[in-house]
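Chemist: All chains should be built: construct the whole structure from the sequences, respecting the hints.
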Amino acid sequence: MTAALQYTLLALSVLVSYLLSKPPRPIDAPHAALLLAAYVLGASLGFFATGGSFTFTVLSGMALAVLIGRWNRKLVLGGLSLDAAESLAFKTAWRRGGQLRLEDLVRAGLDEDTAKAVMQNLLQRGLCRLQDGVYRFERD
Numbered sequence: 010m011t012a013a014l015q016y017t018l019l020a021l022s023v024l025v026s027y028l029l030s031k032p033p034r035p036i037d038a039p040h041a042a043l044l045l046a047a048y049v050l051g052a053s054l055g056f057f058a059t060g061g062s063f064t065f066t067v068l069s070g071m072a073l074a075v076l077i078g079r080w081n082r083k084l085v086l087g088g089l090s091l092d093a094a095e096s097l098a099f100k101t102a103w104r105r106g107g108q109l110r111l112e113d114l115v116r117a118g119l120d121e122d123t124a125k126a127v128m129q130n131l132l133q134r135g136l137c138r139l140q141d142g143v144y145r146f147e148r149d
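Offset between the sequence shown (1-based) and the numbering used here: plus 9.
Derived by calculation from the structure, the hints in this document are not laboratory data.
Among these hints, one or two may not hold up.
What the hints assert, rightly or not - Below are the BS3-like pairs computed for lysine-lysine, each with C-alpha atoms no more than 25 Å apart in a straight line:
| hint | residue 1 | residue 2 |
| --- | --- | --- |
| 1 | Lys125 | Lys83 |
| 2 | Lys100 | Lys125 |
| 3 | Lys83 | Lys31 |
Being a predicted model, the structure only gives us computed values, none of them experimental.
Modeler: Pasting the structure below:
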């Protein structure tokens, strides 16, 4: 097998790993960088475990890249938990002098439905008050 063919097969296997990992967006640079690092790690493990078998090197690289890529996709699409969103709301309100709008949480990275749910939960627990569309966090 020539070196050019091996490089071509390596490049194709990296592309196949990227597609099999089902990235969150068609072109996702952080996801691709993570996959490439996982591929190199898997390929090097396969290479040293078998003493240089090209086939096993490519397959182990693809397997590790696909597994890590799917795990990363699950984390990215899962979003923040409600506890983390509440913590984000408290920190954002602290930075804004105890006042918070839903738009502030959306700008901080939450989707609008999650921001509403978090603020309603905080209202029900008595941790803030709603006045004219502004949530106020004050001590009594």
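Chemist: Next, verify each hint and record whether it holds.
Modeler: Taking the hints in turn, this is what the structure says about them:
no.: 1; hint: Lys125 - Lys83; verdict: 23 Å, holds
no.: 2; hint: Lys100 - Lys125; verdict: 16 Å, holds
no.: 3; hint: Lys83 - Lys31; verdict: 10 Å, holds
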